[in-house]
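We have chain A; now place chain B onto it with these hints.
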Amino acid sequence: MSEHIGLRGQTWFAALTGRKEADPGDPKSVLSAEARIGQETGLFLCLTPNPESRFPCVRDGQVGLEEAYALAAHVRWAVKEDREKSKSQRRPFIAIVDVKSQAYGRREETAGIFLAAAAAADAYASARMAGHPIIALVVGHALSGGFLTHGYQANRILAFDDAGVMIHAMHKEAAARITRRSVADLERLGHEIIPMSYDVRDFAKLGLLYKLLHAEDPLHPTATEIEQVKQALAEAIEDARAGSTDLTDRFASTEAKAARKAGIAVRTLMEAQWQ
Amino acid sequence: MIATNGIPAFVNRGSFIELNGRERAQALFDEGSWRELVGPFDRVQSPWLPLQGVAPQADDGCIVIKGEIARKPAVAISLESAFQGGSIGEVSGAKMSVALDLAARDSAAGKLTAAILLLETGGVRLQEANLGLAAVAEVISSVLHLRQYAPVITVIAGTVGCFGGMALAAGVSSYVVMTREARLGLNGPEVIEQESGIEEFDSSDRGLIWAIHGGEQRVCMGLADALVEDRTDEIAARVHGYVAKGLPHVHRSQQVALYRDRIAALDASAQIDPLQLRQQWGSEKSNGET
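Protein sequences appear in the order of chains A and B.
Per the working numbering, the first sequence starts with residue 1, numbered consecutively.
Per the working numbering, the second sequence starts with residue 1001, numbered consecutively.
Extracted from the complex, chain A is given alone in its bound form (with noise of 0.2 Å):
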């Protein structure tokens, strides 16, 4: 599955925007793009593997440091450019994800990978606090680091459901070697500990989604498919915008009232102890 990383995010990048190619002040690993969305115009951002790439911890679709910082700049520019406006008017960002984690890499890592990937967070985050509406669309992996770093800011999440999306905090070989136990036994107990699950339909019972998508083949979608797309980001656009602007909505969910009982009630709690 893992040589598929990247692809489709491309297709989707380009079903979407109808560019295929990073700007020439880019990495080649950073699409962005303008294209319409419902009734405005979005800042489209995605992550794509660059074989060629000058730091050979990325070249598999790995978010590093050039990654990141781009991303940082181009939303960055964006919420510039909107100040002016009303909250009402600022851009949408689409972030499409199919991110393979972040860099494993020394040189990363000596040259602060760390603060690269915050930025990009705090790019992502404050656009949102700014009223920017944030929408990240999963359409194939979104793990760890790397979706710290792209798309997990956002107001709405969506993604497909399909076998081919992964949501998680690390990808399965690693986490049965760092948890001493075999793939089998960690792909067993997801399918009894959700938040250890590596299915989106398991993922969604923890309400962090706003929208599950359908795609006969996400890495070939029919035109159909691609307006169906469209349709669903301008929704998640206009519910964002009827939100907040932090990140409170994901526990209002049903799904998030029976998964997440302990957070909330940790979050009851420390407001009648606080004063």
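I should point out that these hints are in silico values taken from the structure, not numbers from a laboratory.
Hints are supplied without guarantee of correctness; some may be wrong.
Unchecked claim - Sample of chain A residues lacking proximity to chain B, with all beta carbon distances greater than 12 Å (derived): (1) Gly18; (2) Lys20; (3) Glu40; (4) Glu84; (5) Ala184; (6) Lys211; (7) His220; (8) Glu225; (9) Ile226; (10) Glu235.
What the hints assert, rightly or not - Label-pair distances were calculated between CB atoms; the ranges are: (11) A/Arg83 x B/Lys1072: 27 to 33 Å; (12) A/Gln275 x B/Leu1258: 38 to 44 Å; (13) B/Leu1258 x A/Arg54: 17 to 23 Å; (14) A/Thr222 x B/Ala1109: 50 to 56 Å; (15) B/Ser1203 x A/Glu255: 35 to 41 Å; (16) A/Ile178 x B/Pro1050: 19 to 25 Å.
Unchecked claim - Take a look, some chain A residues computed to stay more than 10 Å from chain B by CB distance: (17) Lys28; (18) Pro51; (19) Glu81; (20) Arg83; (21) His191; (22) Ala223; (23) Thr224; (24) Ala252; (25) Thr254.
All residues carry an ideal CB built from backbone N, CA and C; glycine is no exception.
Chain B only, in chain A's frame:
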């Protein structure tokens, strides 16, 4: 150095590292001003660990203390590395983000409330995987929210260090205080060796680890703000100083153009020499202190 009572001075220095997570947080506050919120007697613990045969803890390894620092309202959130390596689960993560949100609510209403994050953690607790990762995203968001009004000060004392998603929380903080023993990075050495091979990172090479992730390196290259000795009084004084100072002119994670240019100027054809990078980046101020 022998003190007059016969006890060597280093014994009496008041080590911060030797304190547990709760004592560390308490040590930062004005005497008699603090209390713990959602403490162990409230028994909000992980619902997920017992399902996997792991004993939960009544505070989930996260201690929230509210009080006054330098006579200003403040809240400290401390991770206990002795419980599950300080990892972030549903409950510990919620404690962090809710405390930050409430500090932001007070700050927005005019009662500026600084937050201190005492981070000793390997990142997401894998037994709570997706709820841990979600909680980390929420903590980052909550730090950024509070940071609009009042400073968020991260202290990494050691010896676990701050890795994984919580390194992003450190990255978006207003100030980062580190000891020489402390480490800060996205991926720990073991993870890199496992994922990319021993030739990429030899996790048994302690010299290499501290040359890259160590407190002295992070401060000298401008990715952290203050290098402190492992002394409780010195760390508390540094935290007081930042609480009193308030927000920096610009936060480090906002300086995208500066760091993008720095990365563009790197020679990536070979491994990067940490000392050289320290000289290159450290000579320029990057925290709006100009």
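Q. Closest CB-CB distance from A/Thr224 to chain B, is it above 10 Å?
A. Nearest chain B Cβ is 31 Å from A/Thr224, so the label holds.
Q) Honestly, do B/Leu1258 and A/Arg54 meet the 17 to 23 Å range at C-beta? A) Given a distance of about 20 Å, which is inside 17 to 23 Å, the answer is holds.
Q) In terms of Cβ atoms, is chain B entirely out of 12 Å range of A/His220? A) Fine: 28 Å to the nearest Cβ keeps A/His220 off the interface.
Q) In terms of Cβ atoms, is chain B entirely out of 10 Å range of A/Pro51? A) 15 Å, holds
Q. Non-interface claim for A/Glu225: all C-beta distances to chain B beyond 12 Å?
A. 26 Å, holds
Q.
Checking a non-interface call: every C-beta of chain B should be farther than 12 Å from the C-beta of A/Lys211. Is that right?
A. Check passes; 17 Å lies beyond 12 Å.
Q) Range hint 38 to 44 Å: satisfied by the CB atoms of A/Gln275 and B/Leu1258? A) Check passed, 41 Å falls within 38 to 44 Å.
Q. Does the Cβ distance between B/Ser1203 and A/Glu255 fall inside 35 to 41 Å?
A. About 39 Å separates the Cβ atoms of B/Ser1203 and A/Glu255, which means 35 to 41 Å holds.
Q: Beyond 10 Å from every chain B Cβ: check whether that's true for A/Ala223.
A: 33 Å, holds
Q | Separation of A/Lys20 from chain B, once the least beta-carbon distance is taken, above 12 Å | A | 23 Å, holds
Q: Determine whether the non-interface label on A/Glu235 survives the test: each CB of chain B must be over 12 Å from its CB.
A: Per Cβ check, A/Glu235 is outside 12 Å of chain B; nearest 22 Å; holds.
Q) Falls inside 27 to 33 Å, the C-beta gap from A/Arg83 to B/Lys1072? A) 31 Å, holds
Taken one by one, the earlier hints all hold for this structure without exception.
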